[in-house]
Amino acid sequence: MAYLNTQVDVSTLPAAEEIELRPVHGDYLKVLRIEWLITTLVLAAITGLLIYFISGLRQTYGWVIVLGSFLLIVSTWLLFIEKSFPYSAYAIREKDVAYRRGWVQRSLKICPFNRIQNCSVQAGPVERRFRLASLIVYTAGADGADLRIPGLEQEEADRLRQFILGQIHAPQDETI
Amino acid sequence: MKPFDWSKPQKQPWAGLAVVFANTLWEAIKGLWVFILLILLKRKDESGPDWTQILAIIILFLTVVSALFRFLFFRFYIEEGKLVIKKGWLKKETKVIPLERIQTVHVEQGPLHQLLSIVKLSIDTAGTQKTEATIEALGKPMAEALREELLSVQGQENKEAVNNSIPGAPSITLTDRDLLKLSISANHLEAFFIVFSFMFGLYDRLRSIDDDLVSGVDNLFPDKAIYPVLFLIAAVLMVTLLVSTARVFLRFYNFAVFRVNNGFRIRGGLFNVKEKLIASRKVQYVSWRANWIRKLMRLWMLEYHVSGGYEIKSKQRVHLPITRPAYLPMLVADYYPIPATGGLLSIRVHPSFIGRRLLMFGVLPTLIILPLMWWAWGAYSLFFLLYTPVPGFAALLIQKKFRLWALDDVLLVKRGFFGETHILLQWQKIQAVSIRQSIYQRQKGLASVKLDTAAGSIYIPYINLKAARELTDYALYKASSRYASWL
Chain V
1 MAYLNTQVDV STLPAAEEIE LRPVHGDYLK VLRIEWLITT LVLAAITGLL IYFISGLRQT
61 YGWVIVLGSF LLIVSTWLLF IEKSFPYSAY AIREKDVAYR RGWVQRSLKI CPFNRIQNCS
121 VQAGPVERRF RLASLIVYTA GADGADLRIP GLEQEEADRL RQFILGQIHA PQDETI
Chain C
177 MKPFDWSKPQ KQPWAGLAVV FANTLWEAIK GLWVFILLIL LKRKDESGPD WTQILAIIIL
237 FLTVVSALFR FLFFRFYIEE GKLVIKKGWL KKETKVIPLE RIQTVHVEQG PLHQLLSIVK
297 LSIDTAGTQK TEATIEALGK PMAEALREEL LSVQGQENKE AVNNSIPGAP SITLTDRDLL
357 KLSISANHLE AFFIVFSFMF GLYDRLRSID DDLVSGVDNL FPDKAIYPVL FLIAAVLMVT
417 LLVSTARVFL RFYNFAVFRV NNGFRIRGGL FNVKEKLIAS RKVQYVSWRA NWIRKLMRLW
477 MLEYHVSGGY EIKSKQRVHL PITRPAYLPM LVADYYPIPA TGGLLSIRVH PSFIGRRLLM
537 FGVLPTLIIL PLMWWAWGAY SLFFLLYTPV PGFAALLIQK KFRLWALDDV LLVKRGFFGE
597 THILLQWQKI QAVSIRQSIY QRQKGLASVK LDTAAGSIYI PYINLKAARE LTDYALYKAS
657 SRYASWL
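Heads up: the sequence lines are chains V and C, in that order. For the record, in the first sequence the residue sitting at position 52 is 52 according to the numbering used here, with numbers rising by one throughout. To convert, take the position in the second sequence, counting from 1, and add 176; that gives the numbering used here.
None of these hints come from the bench; they were simulated from the model. Treat the hints with care, as some may be off.
[Said to hold, decoys possible] In silico EDC-like cross-links for lysine to aspartate or glutamate, where the CA-CA straight-line distance does not exceed 20 Å:
#, chain 1, residue 1, chain 2, residue 2
1, C, K626, V, E17
2, C, K184, C, D354
3, C, K642, V, E20
4, C, K642, V, E17
If you're wondering where the values come from, they're calculated on a predicted model, not measured in any experiment.
Next up, chain C with everything else stripped away, as it sits in the complex:
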């Protein structure tokens, strides 16, 4: 690896032009899709010019020019301990990021990157403002060197990627069988409803546009009312399973977790290979959950909740599928060992939670909406009564399952309704505490507590007021402690 001189303005490699072009084209299509669709759908006028071709040529030309400018005017260099990124031709933009503020450097490879053997670098900072930066294309050795350079400024203890260029044997990998297990147990219900409503809408629209098209399906069944629906459900089930499998494979293909000095390095993905560094100190709290199928199969989805705006967007959240029970304590222990809870005092949700939820989210909405629906649809609106008990039923399951254990250093929450979620939080990661009481809760001596952390909030509903006060006092005591750091 030849040394790079980072103080001189660097360009992206020429292969990067392809990536920049692809991005620009994608943006153009996203911005103009309505227009493009309109032109494409317009019947071709024999006499006039072919608008489709002219449009395509114009868009392509503008895209090439814009991509070329974007590519040619992109420079980055390191100056006086700061990473400087300059871009733009008419509208110049300069980003300056002090190196000590850089938290992590993520490496990502889309299909095009893989083809050209280049990588994309995203730089994540600790700021609350949006100070993230990306470099679309870099040669692999150059990217490794830059990452090394960017992270080298931080003190040895802060440095996240000391042995980065030598990935040891992967600590955890997934076999094809694991991937299949994950696919089968994925949350089908959610996917099912998405696919079902989409296909039902499509079927309905097709029927309204062209009756002949769907009559094929309708003629398969003598009774027109119900069978097409059953057929649809079966078809949707198949598609759902396929979609779930595809989603799992896209995300977790070739998945591996490596142990690095102060955290984990996680990589995976089929077409879009992502590699992330999780610094242990940045983890605010850990959760692991399973839906009821996964619980039976002893599969867990572990999530490290990391501080920083970049990670909180759900796209960037870090999920680790756990396919062997032994992995779970091992991975959680990096944050804090899972405490044994046998025989310990636990805080539970008060049973009145069920009735209140039923009243506020079931009965009250029904009283308001039902008369309106009756006015519009008549007796059909009685179907709405099927919904009324649902919030109460959900609350019943939540109340039954909820447990909170407050221990010396950590807080462990177990909750869920069909599935199960565990949350492990160190007191010192708490940023602020709120204790809340509605009129009803004030009368019954109950309260809800909200614990804010830099990676999101944890809400504890309807507990005994004394327990809520103890939680609040202890949380503040631990967070105010002189040596408690959250980062």
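The following block holds chain V by itself, in its conformation from the complex:
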């Protein structure tokens, strides 16, 4: 109660920091690595073509810059994948759904069932090979307020989707 001017004692409310979060499936790290590898190969091909065809790059030190920035981007990306993976976790509480992520900048995003408009399950080609899927929760929020939980087992994702749809089925007093 040190910061809010509310009659409800905030310390009695369910606290976001005490949520028991479940880590996403371990195979999801493999998915991320494979996706990283594919993108890296494509980028490497583009970089190679650039250096091969633009002769100006080879005569000056331009190729060092191109190659250097390629390596920098790719390695930083991998570092972020490896470092942030252990922190990725989700939770379904009584009245909301939460997802935690990040490494340098960590975030915990929580969305009440009350505000969820729709809910879907998506799986990319690599995810499907590992029988994984992402759960996407849509809200009416304007800029990127949707919640995406990746790295769930397909059955788990479907189950969660059913559960959340069941939770949101009753709009209280509006028809929309």
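Based on these hints, arrange chain C on the given structure of chain V.
For chain C alone, kept in the frame of chain V given last:
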């Protein structure tokens, strides 16, 4: 007013053809302007045919044909509680909008509409997808009747425009003096830089094309280096003032706010008269702001942040100039009365925010960019050092001014650097909450909070972690409450 039979396919009135033609022509010019410019600039070849005329005739002909098709194949009708709009000849397009999904119907009049005494109707729906529709031209009585019909399906409590056809005495209007005050206090700095860079670029280009043209200006001043610049600045100041005045008059001429059953009806504009309905329940949060001149003059610009993709595009945002202090609490109270904050606990931005901003947006970019600039421009690049402290200075002002009051039903934020912005948000309008921490914030026990609403997000930087957690918990508690509706 004779009753209309909406179940039969309706055409637009013939006067609408002019509007459709004008729109088509405008689109054609927008699409082909490079081509047109190229042809126009080409020196006339004595022997060959006059391409300018041929081109003009072709474009005009195609435009007339295309506009005619657009006009003739446009139909709309109401069928089984749905508005159906059909258009197109070769590529047919049908839009079906269930009436209960219609949120608001806006009426708009451009100069051509005014001349022909017709109106344009835009229909806004609650969907996240792009389901808006427009009817380019309608006679005034027909438009009123259609609006009535479109909104009549909704329940009495949802109906936004019950007494629409009888606008009462306007609640708020602007006098010419108010408009002048608004013009003088407009954000000149922004307009100034736009006009200045434009004119400077023009001056430079003219000089490179034709030295004689600008030598007139240059000869006015003996010292060539500095005086033309001063002259430019003076000229730009004049133009800026004129531009600001014109912008204010274009937007707010004949401005009036009427109270209707569940919201406001706002109209205004000089050539392009716009009329909008703001349903109170659709308002997600309210903000009012003033730059430092306006703060001194006690002028505020109030904004209702409304849900729906249509409104979020800045063109459609709803600004209400407040010229009398008494209007502000009155208009905000429609959303929620402005709470008194005296003696209440407030959440403030942590002072380390200043240093971090200086480091991340001032010092770091300087360390990266300065060596590169040095390599390219030598000692001139030291001018870049003037920029380095700016983010820190801005952060200092932001940190000093920021206040957040968390109350039972609402959240009030006061922030700004030269000016001041107030934001009033009801907890129940929140869609999602994020709590974020960088490495530095984790060490210092700080966090940032982002509150997402259907009309945009509110970002609260660098507050105490405990305060951030309390905000998050309380926001979720209020949003999850059974009776809390956001629409």
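Here is what the structure says about each hint:
no.: 1; hint: C:K626 / V:E17; verdict: 16 Å, holds
no.: 2; hint: C:K184 / C:D354; verdict: 47 Å, violated
no.: 3; hint: C:K642 / V:E20; verdict: 19 Å, holds
no.: 4; hint: C:K642 / V:E17; verdict: 10 Å, holds
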